[in-house]
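J.: For reference, the chains in residue letters:
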Amino acid sequence: MRAYLNGNEAVAAAVRLARAEVVAAYPITPQSTIVEKIAEYIADGSMEADYIRVESEHAALAACYGSAVTGTRVFTATSSQGLAYMFEMLPYVSGCRVPMVMAVANRGLAAPWTIWADHQDAIACRDTGWIQLYVETAQEALDTCLQAYKIAAHPEVLTPVMVCLDGYVLSHTEEIVDVPDQEAVDRFLPPYRPEYSVDTQRPYVFGVGAGPDLYPAFKYYQQQAMLRAKEVIKEVDREFQAHFQRSYGGLVDPYYCHDAAVVLVVMGATAGTAREVVDYLRRQGEAVGLLRLRSFRPFPVEDLRAALTRARVVAVLDRDCSFGYEGVLATEIKAALAGLPVQPQVAGFIGGLGGRDISQEDLAGIFRHCLEAVRRQDRGEKQVINGDWQK
Amino acid sequence: MVKIKELPDVELVQGSYACAGCGGILAVRMALKVLGPETVIVTTPSCLLGVTTFYPQLAFKVPCVNVTFPSTAAAVSGVVAGLKCRGKKGVRVVGLAGDGGTVDIGLQALSGAIERGDNFIFICYDNEAYMNTGVQRSGATPLGARTTTTPVGSVGRGEERPKKDMLGIVAAHNIPYAATASIGYPQDYLTKVQKAMQVEGPAYIQVLSPCPPGWGYPSELTVKLARLAVQTGQWPLAEYENGRLTVKEIAHRRPLRDYLAPQARFAHLPG
Chain G
1 MRAYLNGNEA VAAAVRLARA EVVAAYPITP QSTIVEKIAE YIADGSMEAD
51 YIRVESEHAA LAACYGSAVT GTRVFTATSS QGLAYMFEML PYVSGCRVPM
101 VMAVANRGLA APWTIWADHQ DAIACRDTGW IQLYVETAQE ALDTCLQAYK
151 IAAHPEVLTP VMVCLDGYVL SHTEEIVDVP DQEAVDRFLP PYRPEYSVDT
201 QRPYVFGVGA GPDLYPAFKY YQQQAMLRAK EVIKEVDREF QAHFQRSYGG
251 LVDPYYCHDA AVVLVVMGAT AGTAREVVDY LRRQGEAVGL LRLRSFRPFP
301 VEDLRAALTR ARVVAVLDRD CSFGYEGVLA TEIKAALAGL PVQPQVAGFI
351 GGLGGRDISQ EDLAGIFRHC LEAVRRQDRG EKQVINGDWQ K
Chain U
1 MVKIKELPDV ELVQGSYACA GCGGILAVRM ALKVLGPETV IVTTPSCLLG
51 VTTFYPQLAF KVPCVNVTFP STAAAVSGVV AGLKCRGKKG VRVVGLAGDG
101 GTVDIGLQAL SGAIERGDNF IFICYDNEAY MNTGVQRSGA TPLGARTTTT
151 PVGSVGRGEE RPKKDMLGIV AAHNIPYAAT ASIGYPQDYL TKVQKAMQVE
201 GPAYIQVLSP CPPGWGYPSE LTVKLARLAV QTGQWPLAEY ENGRLTVKEI
251 AHRRPLRDYL APQARFAHLP G
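Residue numbers (UniProt numbering), protein chains in the order written: chain G, 1 to 391; chain U, 1 to 271.
Just chain G, same shape as in the assembly (with noise of 0.2 Å):
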């Protein structure tokens, strides 16, 4: 069924699809129209779920994780401060290894005080062991939310995912999406059942202590299972591809990448604006390209090294700043492409902080900077690429 929907009514079909069994929520701006709508499912009947009102974000995490170890499907969604507040719950469910969804409309962080879209509330909880992926559409919303159930319940991977979508550009922006049939959809997400649950026949202990001894080996296995996910996360995206025809790559999406010498890497979005500035400047002549990068958490270095090995210099934007250094994602890239025998140069840019528009003038001038360096290079000029920000 195709429906006029925006990002977050989006992942609200998706929710309602995947048949979650118990949704906790507080509302938090720009991602409460998620949970409202849910709550109208609940109300007009065509969805089956408990939704607990929670006093808090922290609260709505404890619940999940309560109801996710009984065996259930759960659900929550958050932004920003709402994010923050959580922070204590995250590590507390990845490290339990309890499967679930959340999704994150990105918000910045204050202050200053705040409601648009940046990736700094995200960002910031990347060493919590929760995947992080990060979609382009509406339609890739509704669907990565349906890829996510399946593989955080992965045997072999058994950890949360957030799906993130960009505050307002996506969560209340408009599009046509194409909703699945509920049937075509049990087909794709069988209930989930999980092999450990609260049992009285089967008393286990959920989120144990561990001392020095054993805790380590806690988190190697967390480790394992994340580097894991990567391979998962491709092939429950191929496996979605069999079922409704839409894929997105699996972990990072190429656009004109294998002939670029400049080559743009950006999350969530941008992307969108980002490919009719490589498609208007292709036009000109000139070779650049585009990676998004949607899993953000595991990082796909493998992938990223694949696809940018032949560019010249690699152009990244942040919607993020890890303050005192540069912005998280250059780091990141220049870390991933550390070991190629030939390295591309990279520049770091920021911007899109605060929901600061990231116009095609703005790419634009991203691409002419980094292709003027590449024709000094040319030239035989040696100079260091300075990326910018966005003031």
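Possibly wrong hints are sitting among the right ones.
[Stated by the list, open to error] If we take Cβ atoms under 7 Å as the criterion, some of the chain U residues that face chain G in the derived model are:
no., residue
1, 36
2, 38
3, 58
4, 62
5, 68
6, 71
7, 77
8, 78
9, 112
10, 167
Because the hints were derived from the structure by calculation, they are not lab data. We treat Cβ as the ideally placed atom computed from N, Cα and C, and that holds for glycine.
Following the hints, put chain U in place on chain G, whose structure we already have.
T.: Just chain U, lined up with the frame of chain G:
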């Protein structure tokens, strides 16, 4: 009324690392005898978690869900909803937290869960300070008590504020059932646990659980001090039921000195 002689000899908590004379583990062990095997425990980083669920030494014979310090009651709500979804009826979900995890950092989640009317029992084992981290004061520390964050010195005279009225706070939520208890009065305590089990909706029990190292007394005095707290009027045994608060009468009140004198935390108080 629970009859002590009729309690099952089956233990649902055993082999814990608790200190000798721990009032907290006694509170949990006694409650489980009434609650029975169809129980799920939700607990929080505390002495209790430290002494019962450090892998691979797992002391509970019932399922146990450990969660972050502020979130006991929120996770309880999740477990209740999850069990309902899985069609598992007749399983009691019991939140267990110390006084810090209840009256301080856990208060918001507890308030939310009570207000939602979820069907659970919350037992606060009250040892009147943060014992797991080394005896720092909590909102449940009584006036005048010495703790490591309310030390006694040339200026400091121990805890400066009276104990938080937690029963009053939960009662203000129109909770169906709430009570205070003491491990020194097992029949009273266990009858209250039984009443809590029969309640439809949330029930709260705050059970005074003396702590030998934290309070500074020989470990064999735990039960005696738990009785003296009641007999001296320091810890009234109260019940809030159907909107009415009742307090157990103490026929022959003992002088407060009898309760305070054996405890190092009150040693600085004038004779």
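J.: Close enough to count: is the Cβ of residue 78/U nearer than 7 Å to one in chain G?
T.: Result: holds, 2 Å to nearest chain G Cβ.
J.: Grab the minimum C-beta distance from residue 167/U to chain G and call the hint holds if it beats 7 Å, violated otherwise.
T.: violated (21 Å)
J.: Closer than 7 Å between Cβ atoms is the bar; does residue 77/U clear it against chain G? Give me holds or violated.
T.: Result: holds, 5 Å to nearest chain G Cβ.
J.: Restraint: residue 38/U near chain G, CB-CB cut 7 Å. Satisfied or not?
T.: holds (5 Å)
J.: Is the shortest C-beta separation between residue 68/U and chain G less than 7 Å?
T.: holds (5 Å)
J.: Per the CB criterion, is residue 62/U less than 7 Å away from chain G?
T.: holds (5 Å)
J.: Does the nearest C-beta of chain G fall within a distance shorter than 7 Å of the C-beta of residue 71/U?
T.: OK, holds: residue 71/U within 7 Å of chain G, min 3 Å.
J.: Double-check residue 36/U for me: the hint is only fine if its C-beta lies closer than 7 Å to a C-beta in chain G.
T.: Violated, because the Cβ-Cβ distance from residue 36/U to chain G comes to roughly 9 Å (cut-off 7 Å).
J.: A closest beta-carbon separation below 7 Å is what the hint needs, so does residue 58/U meet it against chain G?
T.: This hint holds: residue 58/U lies near chain G, its Cβ roughly 5 Å from the closest one there, short of 7 Å.
J.: Less than 7 Å between beta-carbons is the criterion; does residue 112/U satisfy it with respect to chain G?
T.: holds (3 Å)
The earlier numbered hints that this structure contradicts are 1, 10.
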